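Chain residues, written in single-letter form:
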Amino acid sequence: MPDWLNALLGPGFADALAYITNGKHFAWYGAFRFTILAGIFGAALALVFGLMGAAAKNARFWPLRQLGNLYTSIVRGVPDVLFFLFFPLAFEQAVEAFLARSRCTAEAIAANPGVWPPCPDANWILGTWEYLALACVSLGIIYGAFAASVIHGAMRAVPQGQLEAARAFGMSRRQVMWRIHVRQMWIYALPGLSNVWLILVKATSLLSLLQIADIVMWADRLGTPNFLTQVGFLHGDWRWRYYFVLFVFYILVTFASERGFRALTRWAGRGMLSADR
Amino acid sequence: MDWLTANPVIGDIRTLAVPSLFNLYFAFASIPVGFLLAIGFAFGKNSRIAPVRLLSAGYVYAFRGSPLFIQLFMFYTLMLSFNQSLWKPMGIDWLVLHPLFLGPIVLALNTTAYTAEILYGALRTVPRGEVEAARAYGMSRWRQFRSVVWPNMIRIAWPAYTNEIVFLFQATALVYFSLPVIGQQKDLMNKAGELFERDFNVFLHFSVAALYFLAISIVIFFVCSLVYERLMRHTGAASRARFRFTPRFLR
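Respectively, the protein sequence lines represent chains A and B.
Oh and the first sequence: position 164 is 164 in my numbering, straight run, nothing missing.
Just remember that my numbering sits 277 ahead of the position in the second sequence, which is counted from 1.
Calculated directly from the structure, the hints in this document are not laboratory data.
Computed from a prediction, not measured in an experiment: that's the story for all the values here.
The beta carbon of each residue, even a glycine, is placed where N, CA and C say it ideally should be.
One or more of the hints may lead you astray.
The calculated SDA-like cross-link candidates involving lysine to any residue, where the alpha carbons are at most 20 Å apart (straight line), are [what the hints assert, rightly or not]: (1) A/24 / A/241; (2) A/24 / A/41; (3) B/463 / B/374; (4) A/24 / A/236; (5) B/463 / A/81; (6) B/463 / B/301; (7) B/463 / A/209; (8) B/365 / A/81; (9) A/24 / A/169; (10) B/463 / B/365; (11) B/463 / B/373; (12) B/365 / A/237; (13) B/463 / B/493; (14) B/365 / A/225; (15) B/463 / B/382; (16) B/365 / A/236; (17) B/463 / B/295; (18) A/24 / A/237; (19) A/24 / A/228; (20) B/463 / A/83; (21) B/463 / B/314.
Where chain B lies over chain A, by a calculated footprint (3+ residues, C-beta under 8 Å) [as the list claims (entries may be wrong)]: (22) 54-68; (23) 71-79; (24) 205-213; (25) 239-246.
Chain B side only, calculated, beta carbon under 10 Å to chain A, not exhaustive [as the list claims (entries may be wrong)]: (26) 338; (27) 345; (28) 476.
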C-alpha cells in the first residue's frame, strides 16, 4: 500500500486488510462456491421435481395422482433437515448394498457381523463433491415438493377460456398443454416459486451437516480463539462476528432475489392484462 | 406381548418418545413469547412514526431473510463471548448458555418476525368501514383495537399462523445442531442420529423420527382447525377461507 494511503487510513486498517486477506480467509471466500452451486443446482432440480410432481398430481391415472399427493404431503410434513440428512445416507447405503452383492464374499460378511458396510471392499467413501451432488438432489426433492404444489395451483389458475380457445383453434392436446397451459402457468406460479427459492437459499446453510467445508464451517474455524506460539494470542472468540457476516450475506441474497423475481414477474407478465403490475 | 418389545419399529417409537418432548418444549416455549412480541412488531410496522416503522420492518426483514441455522449459531456464540465478562460474574452462566433457555429465545426471535409479517398482512386487510364505524361511535383507541381491529385481524391471520406454528415445530429439529447437547437431553434428530450410529439403519430410525414430526404436525394442525371453527362460528361454512396446509415464506 502507498504511504499516503497508509497515513490516511491509519495502521489499524492495514493490519485489518492483511488479516482478512490471509490464506484461511481466502479459503472461506472460496467456500462460497459450494453454497452458490448448491443453490443453483438445487433450484434447477427442484423445478424438475416440481414439474414432475405437478404432472403426477394432475394425472388421470389414479395411482399416479395419489403418488403425487403422497410425495408433496410427506415431504412437507417432515422437517427439511431430516430429509436433507436422510437422503444422502440412504443413497450411500443403497449403493453400498449394491456393491456388496458383487464385491463381498460370504466369508468376509461372516467375519464382521452387525456392521455397515457388510465388508470393507464395499465401502463407498464420499468426498466433498459427491456429498455436494447428493445435497443438491436432496434439496431438489424437498423443495420440489413445495414447487409441485405451487405449480399445481398455478396450472389450475390459468383461465379455462384460454384453453377452450386453443382447442377451438384445432390444437391437439399436447399443443394446448405446452403452448398455452404451461406458458401461461408461469405468471401464476412465479410468486410461489419465488418463496420456494427464498426457502431453498436459506437451506443451503445446512451443507456443513454433510461434512462439506462450506461457509458455516469456515466461519466456525476462523472465529475460534486463535493462539500461535510465535505471536501469542491473536484474537479471542470472534465466531459471532463471522456468523454475523453470514447473517448479512443471506439477507443481501434475499434482497437481490426479491428484486430479481420482481423483474422476472414483470417480464413473464408482459402483454397480459393484470392490475397488480 | 413379546412382539411388542421385539419389534424394532415399536422399540424406536418407545425410544423416541422422550426426545420428542424436547421438540415440543422448544416449540411451545417460544410460540407464546413470539406471538406477543409479534403483535407489537406488526403494529410497529404499521406505525406512523418513521423510526418505529423502519426498525420494526428492518427486524422482520432481517430475521425472515436469513436462515434459522445461522441465527442459532450467531446468538449462541454471541452469548458465549459475554461469558467471562458478564454471565460468570453475575452467576447466571448456567442459565444463559443452557440450550433449554437459549434455544427457545432464538426460536422466539425468529418466529416473532414471521408472525409479525402474518399479523401485519392481516392488519392491512381489516375492513376499513368497520374501523371507521367504531371511530364514529366515539370508541377510544384501545376500545377500537379490542372490539374491532383485533377480532378481525386474528380471524384473517389464523390459517397462515397455523402454518407458522407447524413450521416452527419442524424448525426445532435444527436447535441441537448448533447448540451443545447436555448429557441425555436429546431431541428427535439427536436421538435418531445416535441410534443410526449404533446399527447404521438409516431407514428405520429416520423414518420413525419423521413419523413423530408428521404425527405431531397433524395434531397441531387439527387443534388449530378447531380453534378456527370457534373463531369463525358466526359465519356460514361457505364464507370461510379454505383451511389448508400451504407453504409460506418460511425459514
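Verification of the hints:
1. A/24 / A/241: Between residue 24 of chain A and residue 241 of chain A the Cα gap is close to 16 Å, so the pair holds against 20 Å.
2. A/24 / A/41: 27 Å, violated
3. B/463 / B/374: Distance of about 16 Å is within 20 Å: holds.
4. A/24 / A/236: 17 Å, holds
5. B/463 / A/81: 16 Å, holds
6. B/463 / B/301: Holds: residue 463 of chain B and residue 301 of chain B sit about 12 Å apart, inside 20 Å.
7. B/463 / A/209: 17 Å, holds
8. B/365 / A/81: 34 Å, violated
9. A/24 / A/169: Status violated; Cα separation ~64 Å.
10. B/463 / B/365: Violated, at roughly 26 Å.
11. B/463 / B/373: 19 Å, holds
12. B/365 / A/237: Status holds; Cα separation ~16 Å.
13. B/463 / B/493: Distance ~17 Å between residue 463 of chain B and residue 493 of chain B Cα, so the pair holds.
14. B/365 / A/225: Status holds; Cα separation ~18 Å.
15. B/463 / B/382: Holds. Residue 463 of chain B to residue 382 of chain B sits at ~18 Å (cutoff 20 Å).
16. B/365 / A/236: Holds, because 17 Å separates the two Cα atoms, which is no more than 20 Å.
17. B/463 / B/295: 9 Å, holds
18. A/24 / A/237: This hinted pair holds, its Cα atoms lying about 16 Å apart.
19. A/24 / A/228: Roughly 14 Å between the alpha carbons, so the hint for residue 24 of chain A and residue 228 of chain A holds.
20. B/463 / A/83: Distance ~19 Å between residue 463 of chain B and residue 83 of chain A Cα, so the pair holds.
21. B/463 / B/314: 28 Å, violated
22. 54-68: Violated - the stretch 54-68 of chain A has 0 residues with a Cβ nearer than 8 Å to chain B, which falls short of three.
23. 71-79: holds (count 6)
24. 205-213: holds (count 3)
25. 239-246: Satisfied; 5 residues make the cut.
26. 338: 7 Å, holds
27. 345: Hint on residue 345 of chain B: holds, closest Cβ of chain A at ~8 Å, below 10 Å.
28. 476: Residue 476 of chain B check passes; min Cβ-Cβ to chain A is 7 Å, inside 10 Å.
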